[in-house]
Each structure stands twice: as C-alpha cells, then as structure tokens.
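First to last, the protein sequences are chains A and B. Once you know that position 210 of the first sequence is 210 in UniProt numbering, the rest is easy, because the numbers rise by one and skip nothing. Once you know that position 182 of the second sequence is 182 in UniProt numbering, the rest is easy, because the numbers rise by one and skip nothing.
Careful: at least some of the hints might be erroneous.
Unchecked claim - Estimated spans, in silico, between C-beta atoms of each pair:
no.: 1; chain 1: B; residue 1: Glu279; chain 2: A; residue 2: Val143; range: 39 to 47 Å
no.: 2; chain 1: B; residue 1: Gly389; chain 2: A; residue 2: Ala226; range: 53 to 61 Å
no.: 3; chain 1: B; residue 1: Leu232; chain 2: A; residue 2: Glu331; range: 41 to 49 Å
no.: 4; chain 1: A; residue 1: Asp144; chain 2: B; residue 2: Pro123; range: 53 to 61 Å
Claimed, not checked - Which residues of chain B face chain A? A few of them, derived with a C-beta cut under 8 Å, are:
no.: 5; residue: Val62
no.: 6; residue: Gly65
no.: 7; residue: Thr80
no.: 8; residue: Glu84
no.: 9; residue: Ile97
no.: 10; residue: Leu102
no.: 11; residue: Val166
no.: 12; residue: Val400
no.: 13; residue: Pro401
no.: 14; residue: Val419
no.: 15; residue: Leu430
Hints in this document: simulated from the structure, not taken from any laboratory. Note that CB positions come from ideal geometry on N, CA and C, so glycine has one too.
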Amino acid sequence: MEHYLPVIWGGLIGTAITLYVLLDGFDLGVGILFPFGKSEAERDHMMNSVAPFWDGNETWLILGGGGLWVAFPSAYAIIMPAMYIPVILMLLGLIFRGVAFEFRFVSKPHHRLWDFAFAAGSIVAAFCQGLVLGGVLSGIDVVDGKFAGGPFDFLSPFGIMCGFGMIVGYALLGSTWLMVRIEGGVADRARKWAFPALVLLLAFIVAVSIWTPLIHPHIADRWFSAPNIYVLWLVPVVTALVALFAMRKIDGHHPLSAFAASVALFLLCFLGLGISTFPYMVPPTLTVWDTAAVPASQLFTLFGVLVMLPIILLYTAFVYWTFRGKLQPGEGYH
Amino acid sequence: MDFDPVLLSRIQFAFTVTFHIIFPSFTIGLAAWIATLEGMWLWSKNERYHKLARFWTKIFAVSFGMGVVSGVVLSYQFGTNWSEYSRVVGNVVAPLIGYEVLTAFFLEATFLGIMLFGWNRVPPWLHFTASVLVALGTAMSAFWILSANSWMQYPVGYSMQNGVAVPEDWLEIIFSPTFPTRFAHMLTAAYITTAFVVLAAGARYWLQGRHIDHAETMIKMALGLLIVLVPLQMEFGDQSGMKVAEYQPTKVAAMEAHWDGNESPVPFVLFAWPNEETESNDFAITIPHVASMLITRTWDGKFPGLKDVPAEDRPPVAPVFFSFRIMVGLGLIMLATVVVGAVLWWRRRLFSTGLYLKTVSYMWPIGFLAIVAGWYTTEIGRQPWVVHGVLRTADAVSPVPGGSVATTLALFVIVYGIVFSFGIYYINRLLRRGPEPTGEGSSESSARRPISFAHDAGRDAIQPGE
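Put together the whole structure using the sequences plus the hints.
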C-alpha cells in the first residue's frame, strides 16, 4: 500500500490539474477572446457566460498546488522557487482578471480599464502556465534535494512555445464554450474563432510531440521502444481523429460535440504528458517516491479527498446544472 | 545593489497578508449577515430584509473577489518564497491547508455562483441555503488557517526525522494548545469588524435621511450584535493572552516590553519606547502591579522577561509592543462605543442622538485596524521563528535571488495599489448608492419619503453623491 500511495497521489494531482485546465481553461479562454467581442453588449454576454463559475474553477488551481505541497512537499519546494517568476506573474494576471468580473460591472460606464484587465490578465495567466509546464518538462536543476538553478532557467524557446500553446488551447475551449452557452451573434463569431484556435493548437501538439523526444532521449525511449510502441501509436492516431471530429463539429454547428471534442483533445495531451513524464515529479531527477510526503500525511489527506471530492464534484455539477441552457441577453450580473 | 532575500520575502509576505486579511475578515462577517437577513426574510416575509440582503450581496461580491485573488497569492507564496518552510514542515502544515481547500474553498467558491447569480434561477430557500453554505465555508477556512497558524506558534504532536517535521497525532496538531482561544478570538473579530461597517453605513443613511427603514434595521441589528460580541471578545482576548503567556512567554514579554524576569511586582507599561540596545524602556509611564495582575492573576506575581532568552531569540520588541497596545486600545474604544449605544438604546434615545450616530458613522475602519494590529502582534511576536523552536524565519526562505524577490515585491505593490484602491472606491460607491435597486429615481424617492420620526441631523449631515 505504502508503495502505491505516491502513485495514487500523483494521479490525484494530475486529475486536479486536468480539471483545473479544463474548467478554468474555458473561462480563461473567454478572457483571451474578450478583445474580439464586437460590442459592449457582446462583451457583457461573454463575461456573464462564465461569471457564476470562474471562482469555483480557479479553486482547482489551489487544489493542484496545495495537493502538490501535501503529497510531495520536497517537489513543491523545488518547483515553486524554480518557477518563481512565471508563477508570480501568473498570480498577478489572475488578480487582474479575477477582480475584473465585479469591477467591470460596478464601474460602468467607465470600465475600459477592466475590459483590458480581464483580457490581459487571462492572456498573461495562460502564457505563464505554459511557461511553467514547459519549464518543468525541460527539467529542473537540483542539488541535494533543493533547487540549484538560476531565476531565468524556466525561460527557453520550448517554454515560450508552451506558453503560446496554452493560449490557443484555452481560446479553443473558450470559443466552443461560447458556442454552447450563447445564441446569436457571439456564438457565430465564436465558431469563427474556434477554427484558427484548433489549427494552432494542433500545430503546437505536433511541435511538442517532435520536440520533447528529440531533446529528451528517455522520452523517446518511452514512446518508441518495444513493447510500448505497440500500444502507444494509438495516442497520436486517436488525437488526429478527435481533431478531425472537432473540426467537423465546429463547422457543422454542433456546439456541444465541438466543446466535448476540445476537452477530449486536452485529455489526450495530458495522457501524452503523463506517459512522457511518469514517474518523475521533478524531471529529470526526482520521482514521485523520492519527493513523497510521509505516509501518515498522505493517508490523512487522502481520507479527506475520498470523502470530500465526490461531494465537491456533486455540488459543482449541481451549480453547472442550475445555470444550464442558453444565456439570455441581459441575464447575468446580479 | 545587494538585496536580502529573507528581509524582502518577509516584507512581501507581510504586505500581501496585510491586504489579504482585510477582505476575509470582512466577508466572514458579511456572509453570515447576508444569510441572517435572508433567513429573516424567509421567516417574516418582510421585503426589507430581502432588499438589504441583495444590497449587501453586491458589496460582498466585490470584497470576496479581492479576498479570493489575494488569497491565491498567499497559497502559492509558501512555495515560491518560503520553500524551505514548505519542505521542513510540509508534512504537518500542508494537510491542514489541504483540508481548508477541500472543506472550505470549494464550498464558498462554488455556492458563491448561486449566491450572486441565482436569485432568479433557484427558489428562495435554496438561495438561502447557498448563502448559509458560503458563510459556513468562510468560517471553516478561518478554522484551518488558525489551526495551521496556531501549530506554528506552539508546535505539538510531531517529531523531527531527518530534519523534517513528521506528524504523530493529527488531533493534537489540529487542536494545538493555543488554537481554541485564537480561533474564537479571530472569528469574533471578523463578525465585529463587519458589524461596525454595517453600523456605520446605517448611521450614515439615517443622518442623511435616506433609506430610513433599512438604516434602522442595520443600526439595530449591528449594534445588538456588537453589544453581545464586544464584551465577549474582551474575554476571548484575555483567554488568548493567558494561553500565549503559558506557551509563548517571550511573546508576552515583548507585548508588555517586560525585560527583567526577576522583577516583582511587574508594573503595567502604559507607554514606553522599548530600547533593544540598553535592554530597557526609555521614558516609561507605568502603573504598579497591573501587569502582575493581568498575566499571573496575583498581586506580586512575576513572569519571564525578554532577558531570560538570548538576544537572538527575541522578537523585535517595539512593533509587538505597539501593535498590541493599538489592538487593545481600539478594543477599549469599541467597548465604550457599545456601552454608550446600549444605554442610549435602553433610554430610547438611540435615534434622537445625532452625535452618537455621527460618531459611529466614522467608525467603520476600527475592526480592520484592530485585526491588522492583532495579526502583527501575533506574527511579529513569534519571530525570529517561523515555526516556534523548530525553524527560524531566516532558514525558511527559498533559494531565490534577492533581485527576483525585489522585482516581484515592486510588482505586488503596484498591482495591489491599483486593484485595491479601485476596489475600495467601488465598495464606497455602492455604499453611497444604498440599498435600493440601482435605478437613480428609486433611491431619490426613498429619500423624499415622509419620515415618521422627526430628526434634524439629516440636513447638515453628509450629502448623497459627495
């Protein structure tokens, strides 16, 4: 049991981060697309489509970070200082876009600043999340169990590419979300935004799939050696099929399927990342076992997760269900 | 230029926590106040409570937003700026924060959606339930934070293995000795803080002759609560102080600027300038025997002084001494305010005494100031330890260069400066508009509505839209 605890926790944190990326992804995506909204009413509409959810969505980020600290304190103590600059810039971006939800409506008609804050904050947060992802994948300099690199180690062409990948990925989630939630003008335009976002996201997926095995031999080994390759070839094939499906559903005005396909694309990306990095918590040196908290701590919190997570998922679903259906114009701000 | 990462990280943490603590303290109380109003509305069917609930929900939304975004920052700062702290005590402290996320953050953040946007989507009883759950979430969040913080003040239920703290007994860790009194003290402080804001807002409307019915409800409910809570808070504060005296004698010595542990009886230092060089107080004004009475509950009792521990284990004395005095002084002002209010109410002169309402209309910040002062007392009083006796603050910092910390500190100052100035400005604007629906006409008509009580203060008081 004790041997599997860190693996279970690795899975839980992966799940929390995945849920974060999917949930906050669409509302960050709406923020990223915000400048493309044509009129004041349209932008109101876009913001109202995510206003009841964003706060709950963002809580998954705290669970992801907090869970990492709970289950892998020494990994947390290495990754956070290593990603110091992008993490803090991300937090500052989240501050701006988070307060914009209320400030924008309260400050009307002088709300230009908060239009900008919402869009810029969302873009900065998404980009920085990509930088962190890229930075961790590229490997962190560790000596004696502590971060030993410089403040700009995270910054690399690969990381910057991941930053842009995150922006277009979230834009895809955001635009398909808008197709689901809104009728009329915004939904039509969202369909037009979804297409380039999807194409760019695919380009990014291809680039990462080529880039990571090229610079990390152990990742190449994981994917292309027997017997793994007999199963793993399915991952890129399924990804390509899902992308094709998404393209058709966006084109054919099937919002729900388009949104589901975008989510599936993200899930496949995560599966790919998981295959590439497992069991490393701090690539390329420390595994989930090296960085795990003592079993007493992992068990104590695991108990809480097992009790609370189903309840959280239930009431989260309930709130989404409460606000189901197409958003009516003017509905939203309390 | 050479930047000291420890000092800068401390400033950064103090800065971000000072801004953050203001909003949860307010929203813990506000959520409970809104839930109470909704409950009273459901029970009495009186529309006044409904309108008040909806009005304060708008203010709650703006404050809560700022609390959330500044709170996310804190949750990540443990790792970014204090990674050695995260590593050394992560096995013990992180699960407490984990439980905060699981039991409190999700609850409040998710039901907030229904609370703010669900008025026309769910039936009133369900909306009331959502508000109660948000209030519960905010209070549970305080529970876990105070639990983690109390453990850092006096760590128990753990052992050190290979240089990291390992949990032995979770119940002992969660309910460490100073926790119950500190939690009661903090939660009550939050309710008092909000009640003073509501009282001040009500008094202001009353003096302006606007929203008279709502103002009366606000004043009576807030003052009624304060009459109960402020004396109770004195008791909680005293209890909390006794626990600190028992478990953190050095902190109490700093709070009292008490240097010599052999001194008996110990006088109460009313005012002084603690001098760390000479290890004594300059220009002290003292009252004999009082500190002995307060700390040991005996006429001649003595208690440990600062000189009983080596200089490197003492907290900076002056900030602890002064912030403690500010907190207690503000508490005494609150006590005087509620006593006068109770007497006026008893004599049915509460609403005819313009001077009293005018005074309380300016007292809205008093709870915030007391909370920040109290927080400084307890946090600076723990120094130089981040976890008392286990980990020094200087050893808890991340291996991040001072230049990075200086840059992000500057960014935080700029961003918080912009965001929070606007936030406070918007809250103030919402408060000025008052509890009527946003249309300008309706708030005007309420101002002109005939008032059953005659009072003159309305004309010379603050004008709407000022």
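Hints, verified against the model:
In this structure the supplied range 39 to 47 Å holds for B/Glu279 paired with A/Val143, their Cβ-Cβ distance being about 42 Å. Between B/Gly389 and A/Ala226, the C-beta spacing of about 56 Å keeps the proposed range 53 to 61 Å intact. Checking the proposed 41 to 49 Å range against B/Leu232 and A/Glu331 shows it holds: the Cβ atoms sit about 43 Å from each other. Under the hint 53 to 61 Å, the C-beta atoms of A/Asp144 and B/Pro123, about 60 Å apart, fit the expected range.
At its closest, the beta carbon of B/Val62 sits 5 Å from a beta carbon of chain A; the interface hint therefore holds under the 8 Å criterion. With 8 Å as the threshold, the beta carbon of B/Gly65 comes within range of chain A, its nearest partner Cβ sitting at about 5 Å, so the hint holds. At a threshold of 8 Å, the smallest CB-CB gap from B/Thr80 to chain A is about 5 Å, leaving the interface hint in force. Checking B/Glu84 against chain A by beta carbon gives a least distance of about 7 Å; that is within 8 Å, so the hint holds.
Annotation: B/Ile97 was flagged as interfacial toward chain A, and the flag holds, the nearest CB pair being 5 Å apart, inside 8 Å. Here the hint on B/Leu102 is kept, as its CB sits about 4 Å from the closest CB of chain A, short of 8 Å. Hint status for B/Val166: holds, given a least beta-carbon distance of 5 Å to chain A, under 8 Å. Interface hint at B/Val400: satisfied, since its Cβ lies 5 Å from the closest Cβ of chain A, which is below the 8 Å cut-off.
Interface restraint check: B/Pro401 against chain A, minimum CB-CB distance 6 Å, threshold 8 Å, status holds. The closest approach between the C-beta of B/Val419 and any C-beta of chain A is roughly 5 Å, which is under the 8 Å cut-off, so the hint is satisfied. For B/Leu430, the shortest C-beta to C-beta distance to chain A is roughly 7 Å, which falls under 8 Å, so the interface hint holds.
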